[in-house]
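Colleague: For reference, the chains in residue letters:
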Amino acid sequence: MERQQTQQPAVLISQPEKRWALLSQRACFSFRFSCCGVSDPNVMAEKPVWEQIGEGFVQHYYQQFDTNRQNLADIYTDSSCLTWEGEGFQGKNGIMGKINSLPFKTIQHSITAQDHQPTPDSCVLSMVVGQLKADDDQVMGFHQMFLLKNIDSKWICSNDVFRLALHNFGH
Amino acid sequence: MGDKPIWEQIGSSFVQHYYQVFDTDRTQLGSIYTGESCLTWEGQQFQGKAAIVEKLCSLPFTKIAHSITAQDHQPTPDSCILSMVVGQLKADDDQVLGFHQTFLLKSYSNAWVCTNEIFRLALHNL
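In order, the protein sequences belong to chains D and P. Everything in the first sequence is counted per the working numbering, starting at 1 for the first residue and increasing by one. Everything in the second sequence is counted per the working numbering, starting at 1001 for the first residue and increasing by one.
In short, the hints are calculated from the structure, not lab data. None of these values were measured; they are calculated from a predicted model. Honestly, I wouldn't trust all of these hints.
What the hints assert, rightly or not - Negatives, chain D to chain P, calculated, CB over 10 Å:
1) Gln52
2) Glu55
3) Gln64
4) Asp66
5) Asn68
6) Arg69
7) Thr83
8) Asn93
9) Lys98
10) Asp115
11) Gln117
Stated by the list, open to error - With a straight-line cut-off of 25 Å between C-alpha atoms, the simulated DMTMM-like cross-links for lysine to aspartate or glutamate are:
12) P:Lys1004 x D:Glu87
13) P:Lys1055 x D:Glu51
14) D:Lys154 x P:Asp1078
15) D:Lys98 x D:Asp136
16) D:Lys98 x D:Glu46
17) P:Lys1004 x D:Asp78
18) D:Lys47 x P:Glu1036
For glycine and all other residues, C-beta sits at the position ideal for the given N, C-alpha and C.
Please work from the sequences and hints to get the whole structure.
Modeller: Structure below.
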C-alpha cells in the first residue's frame, strides 16, 4: 500500500481507511478555499475533518489516560516524542515507561478548551487546556499539545508535550 | 555534547523574538507568517498573514507584557519545530492572567516561518 499523503485524490476511494486519510487533505484544501470565499458544500455543514480527528483523538486519549493508561501505547510509534514537564522521552517504549510510572493511583482530566488545526504537512495540531486532579491532590491547570500524523491509514501521535500550569508567583 | 539541540535553539530564538516584538510593536510580527499560516486565537480562526496581523493589531490593549514560565521544543517527523509556551501576561492595568501558546515552525527558503499558532488564556470554569 502506497503512502500518498500529499497527493490529491483523483478517484472516489471506497475503502474507509484510505478515505479517512484522504479526507483530511481535501479538508485542508477546503479550509483554504473557504477562507477565500469558495465553499466546499461537503464540509460546510459539518466540522472540518481535522477537528473531527483532533477531537476524536483527544477524547480517546484522556479517557484512556484516566481509566487505564497502559492502553495508550497504540497511539505512539518508535519515532514519537514526548516532553513531560520538561523531560524528553522518545519512542513508544520510552514514552509508555514514563506514563506508566507516573506516581498516582487515580487521575481525572477535565478539558476547558481544545483547538485543532491542519498543518502544511497534512498533520493535525491539537492544543488542550484543562484541569486535572491526581489522587487527593489539589486541582491543577495543565496544558498539552499533540501533533497527529497519518501513517498507514492510522492516526498516531508523533509529538506530545505536557506541562502543568504552575507559575512562579512573586512578580 | 553541551550544546542545545538545534530545534531548541531555533524554537527558543523564535519564542524570544515573538514575545519581544509582541510586547513592543506587534505590527512588526507580519514577517513570521505566510499566506498559508493559521492562527486560532481564543477559539477564533484566522488564515494568512494579513488576517493574522490584523487580528493581533486589533487586540484592545495599549500595553502588554508576557512572562514565560516554561517553553518546550520538539522536532517533528516533517522537519518542523513544535514549540509550546506556558506563561503569564498583563495587559494594560488588568490582572495577571495565565496563557498557553503553541507554534509550529517550518523552514521556507532558509527562513523559519510560523505555519500554525494557537493561543488560549488559562481561564477555567471553576
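Colleague: Now, for every hint given, state plainly whether the structure supports it.
Modeller: Tested hints:
1. Against chain P, the non-interface label of glutamine 52 of chain D holds: every CB pair exceeds 10 Å, the least being about 15 Å.
2. For glutamate 55 of chain D, the condition that its CB be more than 10 Å from all CB atoms of chain P holds, with the nearest at approximately 13 Å.
3. No beta-carbon of chain P comes within 10 Å of the beta-carbon of glutamine 64 of chain D; the shortest separation is about 22 Å.
4. Distance check on aspartate 66 of chain D: its Cβ is at least 17 Å (rounded) from any Cβ of chain P, clearing the 10 Å threshold; non-interface status holds.
5. Remark: the non-interface label on asparagine 68 of chain D is consistent with the geometry, its nearest Cβ contact in chain P lying 26 Å away (cut-off 10 Å).
6. Against the 10 Å criterion, arginine 69 of chain D stays outside the reach of chain P, whose nearest CB is about 21 Å from its own CB.
7. Not every CB of chain P is more than 10 Å from the CB of threonine 83 of chain D (nearest about 5 Å), against its label as outside the interface.
8. Remark: the non-interface label on asparagine 93 of chain D is consistent with the geometry, its nearest Cβ contact in chain P lying 18 Å away (cut-off 10 Å).
9. With 10 Å as the threshold on Cβ separation, the claim that lysine 98 of chain D sits away from chain P holds: the shortest Cβ distance comes to roughly 14 Å.
10. A beta-carbon of chain P is positioned within 10 Å of the beta-carbon of aspartate 115 of chain D; the least distance is around 5 Å.
11. Separation of glutamine 117 of chain D from chain P is inadequate, the least Cβ-Cβ distance of about 5 Å not exceeding the 10 Å criterion.
12. Distance hint between lysine 1004 of chain P and glutamate 87 of chain D is fulfilled; the C-alpha atoms sit about 14 Å from each other, no more than 25 Å.
13. Our distance criterion of 25 Å between C-alpha atoms is met by lysine 1055 of chain P and glutamate 51 of chain D, whose separation comes to about 22 Å.
14. Taken as a hint, the lysine 154 of chain D and aspartate 1078 of chain P pair is honoured in the structure, with Cα atoms around 17 Å apart against an allowance of 25 Å.
15. Taken as a hint, the lysine 98 of chain D and aspartate 136 of chain D pair is honoured in the structure, with Cα atoms around 21 Å apart against an allowance of 25 Å.
16. Annotation: proposed proximity of lysine 98 of chain D to glutamate 46 of chain D is violated, straight-line Cα distance about 37 Å (limit 25 Å).
17. Distance hint between lysine 1004 of chain P and aspartate 78 of chain D is fulfilled; the C-alpha atoms sit about 23 Å from each other, no more than 25 Å.
18. A C-alpha spacing of about 20 Å is found between lysine 47 of chain D and glutamate 1036 of chain P, which places the hinted pair at or below 25 Å, so the restraint holds.
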